[in-house]
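For the protein sequence lines, the chains are A, S, L and R, in the order given.
Take 1 as the starting number for the first sequence in the working numbering and just add one per residue.
Take 1 as the starting number for the second sequence in the working numbering and just add one per residue.
Take 1 as the starting number for the third sequence in the working numbering and just add one per residue.
Take 1 as the starting number for the fourth sequence in the working numbering and just add one per residue.
Worth flagging that the hints you see were computed from the coordinates, not collected in a lab.
Idealized CB from N, CA, C, for every residue including glycine.
Cβ pair distances, simulated, as ranges:
no.: 1; chain 1: L; residue 1: Lys11; chain 2: R; residue 2: Cys105; range: 45 to 53 Å
no.: 2; chain 1: L; residue 1: Asn55; chain 2: R; residue 2: Phe404; range: 49 to 57 Å
no.: 3; chain 1: L; residue 1: Lys11; chain 2: R; residue 2: Leu453; range: 52 to 60 Å
no.: 4; chain 1: A; residue 1: Asn64; chain 2: S; residue 2: Asp52; range: 32 to 40 Å
no.: 5; chain 1: L; residue 1: Tyr41; chain 2: R; residue 2: Thr229; range: 54 to 62 Å
no.: 6; chain 1: R; residue 1: Lys141; chain 2: L; residue 2: Asp149; range: 40 to 48 Å
no.: 7; chain 1: A; residue 1: Gln95; chain 2: L; residue 2: Lys152; range: 47 to 55 Å
no.: 8; chain 1: L; residue 1: Lys152; chain 2: A; residue 2: Asp270; range: 51 to 59 Å
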Amino acid sequence: MGQYKMHLLVCGGTGCRASESARLVDVLGEELVKQGLEKDAQVVTTGCFGFCEKGPIVKIIPDNTFYVHVMPEDAAEIVAEHVLKGRRVARLLYQDPNSGETIEDSKHMGFYQKQLRIALRNCGFIDPECIDEYIARDGYAALGKVLTEYTPEQAIDILKKSGLRGRGGAGFPTGIKWEIAAKNAADQKYVICNADEGDPGAFMDRSISEGDPHSVLEAMAINGYCIGANKGFIYIRAEYPLAIQRLEIAIRQAREYGLLGTGILGSDFDFDVELRYGAGAFVCGEETALIHSMEGERGEPTVKPPFPAESGYLGKPSNVNNVETFANVPVIYLKGPEWFASIGNERSKGTKVFALAGKINNVGLIEVPMGITLREVIYEIGGGIKDGKKFKAVQTGGPSGGCLTEKHLDTPIDFDNLLASGSMMGSGGMIVMDEDDCMPAVAKYYLEFTVEESCGKCAPCRVGNKRLHETLEKICEGKGTEADLDYLRNLSSVIKDTSLCGLGQTSPNPVLSTLDNFWDEYVAHVTTRTCPSGRCKALLHYSIDTEKCTGCTACVRVCSTAAITGEKRQPHVIHQDKCIHCGACFDKCKFAAINVQ
Amino acid sequence: MNKIKSLDDLRRMKQAVESGIDIREKGDVPEEKIVQIRVAMATCGIAAGARDTMNALIEKVNKDNIHAVITQGGCMGYCYAEPTVEVRVPGKEPVVFGDVDTKKAAEIIDKYVKDGELVEGIIPMNFQSINQ
Amino acid sequence: MSTLKLTDCQKGKIKEICVSFHNDPGELINVLHKTQGEFGYLPEEVQREIAKNLNISVAKVCGVVTFYSFFTMTPKGKHPIAVCTGTACYVRGADKVVDELKKQLNIEVGGVTPDGEFSLDCLRCVGACGLAPVVLVGEKVFGRVEPKDVKKILDSYKE
Amino acid sequence: MEKIKLTIDNTVVEVDKGTTVYAAAKQIGINIPVLCYMRLEHMGIENKPAGCRVCVVEIEGRKNLAPSCSTECMEGMVVKTHTVRVINARKTVLELILSDHPKDCLICSKNGQCDLQTLAQTLGIREVHSVENAEVSTYRKDYSPALNRDMDKCVMCRRCEMICNKVQTVGALNAINRGFTAVVAPAFEQDLVDSPCTFCGQCVAVCPTAALTEFDDTKNVMQALADPTKTVIVQTAPAVRVALGEEFGMTPGTIVTGKLVTALRRLGFDKVFDTDFAADLTIMEEGTELLDRITRFIGGDKSVKLPILTSCCPAWVNFFEVYYPTMLDIPSTCRSPQQMFGAVAKTYYADKLGVKREDMVVVSVMPCLAKKYECDRDEFKVNGNPDVDYSISTRELANLIRAFNINFASLPDEDFDAPLGESTGAAVIFGTTGGVIEAAVRTAYEVFTGKTLAKVDFTELRGLEGIRQATIDFNGTPINIGIAHQLGNARKLLDGIRNGMYNFHAIEIMACPGGCIGGAGQPLHHGNSGIIKARHEAIYREDAGKTLRKSHENPYIQKLYSEFLGKPMGENAHHLLHTHYFDKQKI
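Here chain A stands alone, though its shape is the one from the complex:
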């Protein structure tokens, strides 16, 4: 085994490929042959390191050397020095931008520290259907510690000290939430885990439920001990069959081991967990709506106060946290609140999981310390924009969030900064958009979602969002006016100000943030009736370049509205009054004779 002494990993991500990594692979291979080392070392292309700014990148195993900005002409030197003689090529090493020091071992490089996995600590590393593997990684040790070493008050105090804030949206301090539920005396209380992840584009709760279900159960039991509840519910989307299955298995295993049930770990604490299914209503992410749904009602929110901590499920004090929040809890007890609080920034502690998606190379789940910048996430972890396009915006917080731009790239990500920038943390969706995305259309997309998901209980959300959507539709169809923009703004602020629940209070954010950040784009839509990104079909103007047109009539044949006329072998004309901007002629034309504006 192990015939190669050394491996040369070359980043084959699109970012690096753009900067000639493909040729680098070839040249490195040729050099190895040339210098007679093809039996000792192997060149392999890898997926994106997520460090495209510094590409092309070469990593050498086993000594973890990390070379940046490697050009094909550097290949000979790398092979001669490093592979043959075992000496590092200093000039290609990464320099820490702050200290100026060169760093040899990639393990110590900054970008490795960009991601820290707390909530996702076990995802992918254990068999989620095997409780033993969870236990092998300190599973249920936190519950044991809490049950044997702390009173509920002390345990809550630890959580408060850790600074953990709810990962589901608004970022309410979890310890305080638990404390309120603990202080409300009642014969029965409930712990509720919100796994009804509804953000289109966020799936961390599903991943945790599927990859590390026991961490949720353990945290819920700790929560039960702290607030005096012995019954827990996981409210999970019915559309997540695998997560449901894994949680069911986990509950069964935990019961078999006595980690759920009566007298847990020899204490007098009893706790059990049941699943409840959501049925496809985004608004049920709102805790009062969730509770009504659990009670078999329409998932309509009610006014808070009373908060669930006072009167929740079946009118009893209930504590609701989401999956990611719970997944953080056991670690806090094992590693201590100080450790947790040392991660992140002033007001937001710990890490946050983001579902990175859209026009980005490394689509996936990432977990980063609070306070990291968007630039680091997008360029150093996400591997930059797909196909080398230009970054335009990043949408965080799903339908409740907003679109952030270039100018926000260096703002540290935390609950408060995102809010101040007109977006929000939300559940952690992070959708990257490039120059091809039209911002009024994006706002329209989110409003379409909100309109569909509004429960209809309160007027501003029920009717207001509908009107916002219609106005945006009008703008994207090129029928908008400048007065519509004022209307959008006032209506948005009133909807935010007057809606009953979080859904309506945040639903205009995509509109307001795009109005703020992409005002010119809106203005173009309503004044010159153009869509700068070319996404709004109705605003496209197709015309025929008479120079290039050969009169082949191919376009005439595909035009469904007979908007194109002309003599054979003579330049054709598109009649704008008939054109429906479908683009069929454009696709068909072999001579690039059709212009789009």
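Position chains S, L and R relative to chain A; hints supplied.
Just chains S, L and R now, with coordinates in the frame of chain A:
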């Protein structure tokens, strides 16, 4: 299954499982010789064909008589490269391969597991875990 | 609306489901999930039967069924097609895939083809964002679907 | 009670803990506009989904505006009820609601009575931003014999849903769908007649707009009045006389019996009679039935069903036919006064006049909408000709009076016609909860004991609590009486009886809050339960002012029996004055 009745029970359990599960499963083969392969089997992985990948790996390992334990895991977060497979060859750092279809699965066994030759599509690990 | 007449056996099944949840009105959503799993959809007569068993008004059952998008009062096609219209899929062109499906099947979103073979729906994020845009046909997931792939996918279900 | 101090619009106010900001503001004379919010204080009825967002106020330290109707006062709270921000929000929200509402106010049946219209006027809405492609939610219209649903006009205040489910426990209506298309409707948006609706009409009584209205019979009545071949007679229910004045600006509780009679005569009715006459007749029949059952029961007859339940209220009859089909033998078999009147009018009185049944039109003026449904029942028709042709509500009568340009307030008082216009105080109190049973007791006592009552006022049977019980000493025989108003309370009593919790001999049930005085055909209370209370008191004033206060003392009733009916519960009476019930269970 025995109930875990106290914190001490739990600790003993942890130690036992930490050192023992694989051995139990693989009989007399010493632990340091066992290759551990973990297929990411979350919704996204399965959607991308992780089940086929896992079956192919099991078949291949049995056919070639390789001492390997193949288990499922949750999502590692590399959605862009599903299905993903993590391979731990004794004495080496674990390596994660992306876009592992059935063909690639066989290639990984043939080249990497048997000969230590890396194959295309490695996903660089780029995060810290709390246990480091 | 449907004028489906339930057989005694079907009524018995509904009763059994309700009893398994202790005829507790608070378990209405679980009962509906189970029943839809059994019948494929929740027609009027089924809802009436559930209301009777749980001793609640049929208006309430209907109110709950029509609130949640997971519940449906019309049967789905033999091959239910669902396009993810989550944000990741949206920015990667799910809308164009939906348009193509509508064109090919000649039905609107929420509709069923006259032969009952296909139904078309949009759903929220299925969490396979890495494969965006995603189309589900029954349980099977098709990833990175482009409009040009639509015909091929549909053809694979046509005999 | 713990007290809380807060500042509203710079005024410090002290309130009980648990008071809402809306109520606290009201205490110091600040009226915050509301739309969905409604509270009927004495009836335990409250609707506060906080859905319309019209009552929002600014609370210092809170990011968003708060709905004052459902925000509890907190110590030290600083509230501003009318800032520019608040008013802009209210106006914008109202404009939104109006953008999804038909603009046919001028020809709308609620014109002038509509809460939404009033609000638009108060806030000075002069323009609704129009988006050309704006969708307006439309729904299928539903016309039943008693009430109409036009949900295009629904503002989702959810008052009807609350009344139908929480107060009446009928469960005919529920919010269905989600978002923009959400609406309150029967299951599957079917017609009310196919739902378990009892046509109590309380949904109409609380609807702020014209989404829910009564079926309008005034046109039919006018046509009959204009037809020279028809003899058109009218009967008016007791609760009408204590409420009609409100329609003409009079203080709630004003008794307008004399003006009512005059107005009806001016409208052109050939004879103006009183349902009270039939109420006295009801007592003769029902009282006899009660005594018969009690006597047989005491005598050991095991086949006797007790308690006896009153059956005057048509919504209540619908309710038990739908929900208690196994208990159909418990209610009294007596028809309601409206139907007794119709049956007597079209036989006894028609004969007297020598008018053919087909040429007589009987109109009733009722505080009720279920009466429209009742007179449409097949069992109250002879060869397709109904005993009561048209039942119009108090509001519809007011509309007729206005259409005829009659200056109601300045009308002289006139008396009902004889013979069907004579009545006693016992009949008057039929109009309020507890009244029917008190009237029955006045007669049953004297018949049972053979003694004359020293005091006819049974105050222990009066009041506005939802469920009341009392034991009346029938000269040594204790008679247990239960009273419920609102169908939800009736359900509680009935379930209690079924479970053997109660030991009543007789129970009176009325479907509407406060009884007929709070009926769905009455002038709208707009959420002011003081109005219902005032009517309640007026009913007892009217009773006290009567010379005759016991039904069996009504000379015309005595005459009716001797001339025509024979004995109470005799064959003729049974045929004309009693009915039977049907299993109408719907699921």
